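Residue numbers (this note's numbering), protein chains in the order written: chain A, 1 to 172; chain B, 1 to 395.
Each hint should be verified, as a subset may be incorrect.
BS3-like cross-link-like pairs, simulated, lysine-lysine; straight-line CA separation at most 30 Å [to be verified]:
1) B:Lys-69 <-> A:Lys-35
2) A:Lys-67 <-> A:Lys-88
3) A:Lys-35 <-> A:Lys-5
4) A:Lys-66 <-> A:Lys-80
5) B:Lys-69 <-> A:Lys-155
6) A:Lys-40 <-> A:Lys-132
7) A:Lys-132 <-> A:Lys-5
8) A:Lys-5 <-> A:Lys-40
9) A:Lys-5 <-> B:Lys-187
10) B:Lys-69 <-> A:Lys-132
11) B:Lys-90 <-> A:Lys-5
12) B:Lys-331 <-> B:Lys-387
Source of the hints: derived by calculation from the structure; they are not laboratory data.
Predicted, not measured: the structure shown is a model, and the values here were computed from it.
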Amino acid sequence: MRTSKRGWFIIALLFQVCFLISISLSNYSVEWFGKELRLKTVPVDPRDLFYGDYVVLHYEINTIPKKLWQEDKYPDNGEKLVIGLMEKNGYYTVESIGHVKPKDEMEGNIYLEGVVSHIRPDSIFVEYGIEKYYVPEGEGKELEELRGEIDVIVKKAQWGNAKISRIEFSEN
Amino acid sequence: MRKLLQKEGIGWVEKQIISNDQFNQLLELYPEQDKRSYKIIPILASLLIGLGILTFIASNWSLISNPIKLSIIIIVMLGFYGFGERMVGKGSLVMGHCFVSLGVITFGAGIILTGQMFHLSANDVTSFIVWGLAGIVMTYLYRSSLLFYLTLVILNFSQGISMITYNQFSFVTFILLMIGLGLFAFKYRHNIVVILLSTSVFIQSLFLFSDYDISWFWMLVPVYLFYVLADIFPKDFFFSIYRKLSLVFFFIFSLYMVLFRSSESFSAFHFITFLVIALISISFKWKNNRLFTGYEWIIIIPAFYLFPLTDVIYIFMMYFFSMYLLWHGFKLRNRVTVNLGSFSFLFSTLVAYLNLTWDFMPKSISFILGGGLLFVIYYLLQKQKNKWLIDGGGD
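Just need the whole structure built from these sequences, with the hints factored in.
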């Protein structure tokens, strides 16, 4: 009885350790094998930008004009969508938005998965899971002053979601 | 019991009812239970350490590289688990369970921290579900109520975050709560465990209905069903809690209806559902010889679409329910129920008075009159109650 309990205990521990390692590994693999794309940030309401230990980032690609939406009915909040991006002058911008993921990602053309956050009068606000950037305590304020002047370098793996790789100052 | 025995026993020995040896033997039957109060100290200690871990994570440790951070988390987590397991092996259950709990807390903190390392922002509560799952496994392995409470907090937190941040009901969380922790509570039937689990299931199932795009009053259906469970299994402690929670819910619901009167258009489908459930309930009450609790259905009737002037109707329903409680408590000689009845009676009066006189009386006079009326009714009720409780010895 005691030995079988110990067996389960060890399995439970292994499961937890593996879970933590797998989160890290999946992110490292995106970093190693992912495709790099540069995104332009837009200013956020300064009161909302800095949340203690992380900075809220908003990108141009968060706000998607409604005219790009092809289907009849607008998506619901929380609905998962596929957003096509195209590189223009070094930055990636939204090219298409829809439910279906195209079969192949062409050169310079990339697809991100996003979730509808809310619908605005003229645009659809989509979140990609890359809107938080954790910073050491006290450094958030410095970053806040640079809002709108920073670029975010994102890595996107073919099999999964995107992740923030690093933050750079805007080139222009 | 031991204290009483110690006090009385000396007298029994002096009167030579029992010998000194017998007295000691009797005392041994009731070991000291004071140990229980010391249990709180290691629990508090582990709570403090747990908080320490969390604040440590929130604070600045950015100088360490990611793989080392991860190793630290894993080593600390395994350390807590291993130490806890060793303490349990040595027979020190409370301390052991505390350290295992710390292991579970560290696992959750580790998930959050790993997310921060890679700037992840989640779209749902998967991480909380995995955390809760680890808690459930440990709860079963150690059969510990402390681990149960911790897991319950994690799962309720998970549902709360899912509802507030992601605007969706987390079915997996709900199922883990119902089945994972439910089976544990069923098996180990510890009062506080059962009460806390029941309350959580009750509240989360209300969330379940609020998530759908249907009229709010369909939210009442799970409450009806919870109520009926107590009729189908009348001897079950578990379900009697659901019945009480349902009644508390409907009392507060009536209060809400009085304060924010809202009439809905009649829904035949809802009303038929209501009738069917009420009939099932009453037939079971009849079968189990508990028909006198059938009056409870008065307060459950969906009056908000049956009658006009819902606020007045609901005030009467509150009064009726209070009187029923008084009568019921008196019949069962249950002082708590009688007190609850008199309290809800006074409360209903206050609500009725404030709500129905608001429009044509200045606030101050209304309060003074309300207070005076409360005193009178309280006096009459007390007098009546004392009389009942004295007379009650007869039959």
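Point to revise | Lys-67 of chain A paired with Lys-88 of chain A [C-alpha distance capped at 30 Å] | key: Distance of about 19 Å is within 30 Å: holds.
Check your understanding: Taking 30 Å as the top limit, are the C-alpha atoms of Lys-5 of chain A and Lys-40 of chain A close enough?
Key -> violated, 54 Å
Check your understanding: Is it true that the CA of Lys-90 of chain B sits at most 30 Å from the CA of Lys-5 of chain A?
Key -> holds, 15 Å
Point to revise | Hinted pair Lys-331 of chain B and Lys-387 of chain B, Cα distance within 30 Å | key: holds, 13 Å
Point to revise | 30 Å Cα cutoff - pair Lys-40 of chain A, Lys-132 of chain A | key: holds, 15 Å
Practice item. Measure nothing beyond the straight line between the CA atoms of Lys-5 of chain A and Lys-187 of chain B; if it is 30 Å or shorter, mark the hint as holding. Key: holds, 18 Å
Practice item. Take the C-alpha atoms of Lys-69 of chain B and Lys-132 of chain A, compute the straight-line distance between them, and say whether it is at most 30 Å. Key: holds, 20 Å
Review point. Is the Cα-Cα distance between Lys-69 of chain B and Lys-155 of chain A 30 Å or less?
Key: holds, 22 Å
**Study point:** Agreement of Lys-69 of chain B and Lys-35 of chain A with the hint, judged by alpha carbon distance not exceeding 30 Å
**Key:** holds, 26 Å
Check your understanding: Between Lys-35 of chain A and Lys-5 of chain A, does the CA-CA distance stay at or below 30 Å?
Key -> violated, 46 Å
Check your understanding: Does the alpha-carbon distance linking Lys-132 of chain A and Lys-5 of chain A stay inside the 30 Å limit?
Key -> The hint is violated at about 41 Å.
Practice item. Quickly compare the C-alpha distance for Lys-66 of chain A and Lys-80 of chain A to 30 Å and report which way the hint goes. Key: holds, 16 Å
Hint compliance for this structure: hints 3, 7, 8 are not met, and every other hint is.
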